[in-house]
Structures are given as C-alpha cells and as structure tokens.
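Q: My request is simple: use the sequences and hints to build the entire structure.
So the protein lines, in turn, are chains B and F.
Position in the first sequence (first residue = 1) + 17 = my numbering.
Position in the second sequence (first residue = 1) + 2 = my numbering.
Keep in mind that the hints were calculated from the coordinates and are not lab data.
From the three backbone atoms N, C-alpha and C, an ideal C-beta is built for every residue, glycine too.
Take the hints with a grain of salt, since some may be wrong.
[Claimed, not checked] Part of the chain F face toward chain B, derived, beta carbon under 7 Å: (1) PHE26; (2) LEU126; (3) SER134; (4) SER215.
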Amino acid sequence: MKNLARRIFFALVTFVALAVVSFIGVDALPGDGCTALLGRFGSAEKVAECRRANELDKPVLARMGDWSLALIKGDLGYSIKRDLPVADVIVPRLRNTAVMAVVAALIAFPASILVGLRLGRFPQSRLGRVTNQFSVIAMTLPEFVIATVLWLVLSIWIPIFPGVNVVPSNATILELLPNVWLPALTLAAVIFAHSMRTMRASVMNVKGMPFVESARLRGTKEKITVRRHIVPAAMPPVLNVIAIDGSWLLTGTFVTEAVFNYQGLGRLAIDAISDRDTALILPIILFGLAVYLIASLLADALVKIFDPRQRNAE
Amino acid sequence: MLGNPLASLRSQRIKPLVLFTIVFHVFVALLAPLLPLASTDAQDSGSLLQGPSLEHWLGTDSLGRDVFSRLLHGGRPSLLIAVIATLISALTGIVIGSLSALAGGWLDDALSRLIDFMLALPTLILLLLISSFFGQDPVILSLALGLMYLAPIARVARSTTQTLLARDFVRVARLQGAGNLAILGGEVLPNVWRVVFTEVTMQFTWILLAFSSLSFLGLGASPPTPEWGLMIAESRSYMTLNPILVIAPILMLASLVLAIQALVDHE
Chain B
18 MKNLARRIFF ALVTFVALAV VSFIGVDALP GDGCTALLGR FGSAEKVAEC RRANELDKPV
78 LARMGDWSLA LIKGDLGYSI KRDLPVADVI VPRLRNTAVM AVVAALIAFP ASILVGLRLG
138 RFPQSRLGRV TNQFSVIAMT LPEFVIATVL WLVLSIWIPI FPGVNVVPSN ATILELLPNV
198 WLPALTLAAV IFAHSMRTMR ASVMNVKGMP FVESARLRGT KEKITVRRHI VPAAMPPVLN
258 VIAIDGSWLL TGTFVTEAVF NYQGLGRLAI DAISDRDTAL ILPIILFGLA VYLIASLLAD
318 ALVKIFDPRQ RNAE
Chain F
3 MLGNPLASLR SQRIKPLVLF TIVFHVFVAL LAPLLPLAST DAQDSGSLLQ GPSLEHWLGT
63 DSLGRDVFSR LLHGGRPSLL IAVIATLISA LTGIVIGSLS ALAGGWLDDA LSRLIDFMLA
123 LPTLILLLLI SSFFGQDPVI LSLALGLMYL APIARVARST TQTLLARDFV RVARLQGAGN
183 LAILGGEVLP NVWRVVFTEV TMQFTWILLA FSSLSFLGLG ASPPTPEWGL MIAESRSYMT
243 LNPILVIAPI LMLASLVLAI QALVDHE
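A: Right, here's the structure in full:
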C-alpha cells in the first residue's frame, strides 16, 4: 500500500511537471488565440486590443496561475478562435473517440486472448506461424498504411463499410455506429497483434512450469488445467499490455481519425494545430498525459492484484 | 549477448529475400537521381491517372506525373531524415545512458527521471506542433525526431552499462588505475554499442515511419517532393480510379520496414 501511495505521488509530480513544461512550450510557440482569430490580416492594434480583452497580455507565470486555478475548478478555458468554451468543443469529440475505442477494444482484446492461448499451446502449428507473421506485419506498419489498405479492401473492392466519414461531430451514437467500423478495425489490428503476441509468449512460458506439470500428473483434465492453471498464471503480462494499449486507444488515434475524417479527439488535435488554436492544444496534451499516467499505474496495480508472487513481494 | 552485431547477423543465416530487399532499397535510394527516369515533377496534362504503359511503367498520377519515377525517388526524404535523426538519438542516447550508469548517485537519478519524462511525452502531437509552427524544415524535423527518440536508447544503454560495470574486465581496468572517462571510452562504449545496435535499428524504423506519417498528414515532406507517405495521401481520392497509386508506395514502404525488422528480429 505504501508503495502504491508513492507511485501515485510520483505520477502526480510527473503530471504537474509535464503540465508546466507543456504550458510554457505551447506559450512559446509563435502565435496565440488572438493571432489565430484575426489571422494574418489582423493589424497590430487589433491584436493588442484582443490580447488586453482576453488577458493574454499578462506575464506567462500569471496566466499559468490563472489557468491552473480555473482547471482545478473544472474550467478548461475558452477558445477565442472558435468562440466556445474549450469543454464544449472537446467533450463531444472525446465521446466519439471513446465509442471508437470501445468498439476496437471489444473486437481486439477477447480475440487476442483466445488466439494467443491457442497459439501459445500449439506454437508450431501452421496456422499459428501464419497468424504470428501477420501480427508482426500489423505491429510494424504505420496506421495510415493499415487504414488505407482496409479502406481499399473493405470499402472499395468489397463494399461492406462506408469509407470517408461525413457524420458531424455531434451525431448520436446510432448515427455514428456505421462509420466507426473501419477506424475501429484499424486500431484493433494494431492492439490485437500486440496483446496476442504477449499472451502467446506468456502461455508458452507458463505451460512448462512445475505447477502445470503437477496438475497434469495429478490427472487433471486438460480443459481444467488450461482454465484453472495456465490462463490465470498467463494473464498478468497481458493485462499490463491491455492497460497501456487501452490508453493508446484514447490518445493515439490522430492518424486513424485523419484517414477516415472521423470527428474524434485526434482529428480535433490536428485541426487545432493547423488553426493555431493553442487554447485547445494544451488540454488535449494534458488529457493524453493523464490517461497515459493513469494507465501505467493501473497496469502495475493489475499485475500486483493478479500475480500472488508480486502481492507478497512488497 | 555481447557478441559482435555483424557476426551475429551473419550467423543467423539472414534470409536471402530480406537481404535482397534491403540492398535493393539502398541502391534505389542512392542511385535514383542517376537512373534514366522521367522527371518527378514533369506534368503530362494529356495523360492523367493512366494505367501502366510503355511510356509510364506504373502509369501517371492525378497531375500526370510519372508514378514509377516518383516511387523510386520517394524513399529518399524519409531515409535521409531517419539516418540523421537516428545518428543523433543513438549518439546522445548512448552517451546519456552510459554516463548516467557510470556516474551513479544523484546524477543517475536525475537523468533516469528525465528519461521517464521523455518516454511519457506524446511524440506525434509534439512533432505536429513543431512542424506546424516552425515550418516543415528537414533540419528542425530531424533534430526533433532525433531528440524525441533518444529515451528508449538511453534506457537500454544505461542498463547495459550497469551490467558491464560489474564484469571482470571493467574491474581490471579500474585496478589498473583507469579513470571514469577512460573506462567509458575504452571499456563501456565499445561493448554497449553491440547491445544497443538492435534498439537503434528498431528506433530507425520508428523514426522513418513517424516522418512518413507526418508527411501523410501534410506536415512532413512538402509537395511536390516525391515521398511515399505524401504520395499515399495525395492519391487516396483516386483509389477507385487507379489503385496502383496507393498500392505501389505502400508496397515500397512496407517492404523496406519489414525487411529492416526481419534483420534484427531474433525470434
């Protein structure tokens, strides 16, 4: 428990330090909300007036103080460029990314555990070797290549799914669902490969251990040996990968969303960067950091809960 | 574990296909400007989106440019940037990692903490920011990529150095009166390099793919430069009319990256 408290404390310190660095970094970029709003045609007086009106003329540290106080109260700030509170812009996009992430996770994780178990038990089977080769390819190729290939095959050659996404960002989930498949399949291919290979390696490692051997020698049925002994012992590293990949599903989807014009957080980040809308960029970066740090904490905690040796070690 | 990387590569019986693919890509990247190819920018407005022909071996793109010539030139920008960025990240990563392990104490703690911070940074969004706000300058981009990908190399270099420092030949050097710097140069670095080689090769492919992804998003190589990621992005709208336009650069990029991975994959 003491160890857990220390880990949480370190994660908080990391978050605050990176938040400060991000604020100063984003602030140092040429341009702010006012130049973004007024564009290159804004005269110097207009920009100065806009900066006074939005309190952008204060020193960096004062603005960082105001910004973090507001953040603690739950106020994410205001996008001058879009003339909307940041939360109103981000929340619908976050929901869209979450829908896509859930679909991808439901496709990939159960399948990866089942296939990984099978391949770990019979690694030399021909199907096993072929699946393994394919997952190496899926892990190596960048998402824009996987996405384009899936689009070409599943939307143009065999028209099953719609390709480019024309649904507005505030569509209902039912309107969103037909368009979620191709981006979700792209993400699923990447994380399936990752967790399947971890499960396969873990099962191969566990199945030769003495406690599995002893279960077999006691005459336990193969089915029960697998369910009661191999799977529980093989799960901790896989849960670790699932936690980290789950955080990636929420924060690493820029390219996939850009390919399919899916109106999620990643697409918004790219738009905000090209609009120079710095008020949006910072919360998106911090959201990514927070999700990553929470997922790493969760990954460690899961391993501790499911691995009795780790539980007793502390 | 500490063998010579080239010797261990030789002993692994590299598949001829892998070797051929890598040699092919190196030759094409180096020799593309010398080969008798059509110009990469010449627009033939009479033949847009044409299929393969004797004049244009892989057809033409939406501006009537020769796809075959653009394809052979298309690996050069990413390879050049990836080589420079990998050199930067390998050199700084190995030096930071080994120094950190060698120095120990508070400096080691501080550097390890810094590496942890860097691993938590969202790489792609930072690259997008840098490229968008400072222009698509190859020098800035290779520097940024190099610094961003040094953390994994530094981490491997640090743990390798720690195991090396406990070995007999380092102790012997110390007993012979060698200082920290002499040990770093004479004993640690030559051996660390052999282990870190695999990690560096992996980072090389990640950097290459990061730059390609950036180009695909319109923030890496700028048009009309022929670059595979950019070519895929430019041709996506014409996929139904002429799928070769996307399939060809995908095959080039995939074969290069998968061959490099196969070269270092020890499984």
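Q: Please go over all the hints and tell whether each is borne out by the structure.
A: So, going through the hints one by one against the coordinates:
For PHE26/F, the interface hint is violated, since its Cβ never comes within 7 Å of a Cβ in chain B; the closest pair sits about 18 Å apart. Nearest Cβ of chain B to the Cβ of LEU126/F: about 6 Å, under the 7 Å cut. The hint holds. Residue-level restraint check for SER134/F holds (minimum Cβ-Cβ distance to chain B is 5 Å; threshold 7 Å). A least Cβ separation of about 5 Å between SER215/F and chain B falls short of the 7 Å threshold, and the interface hint therefore holds.
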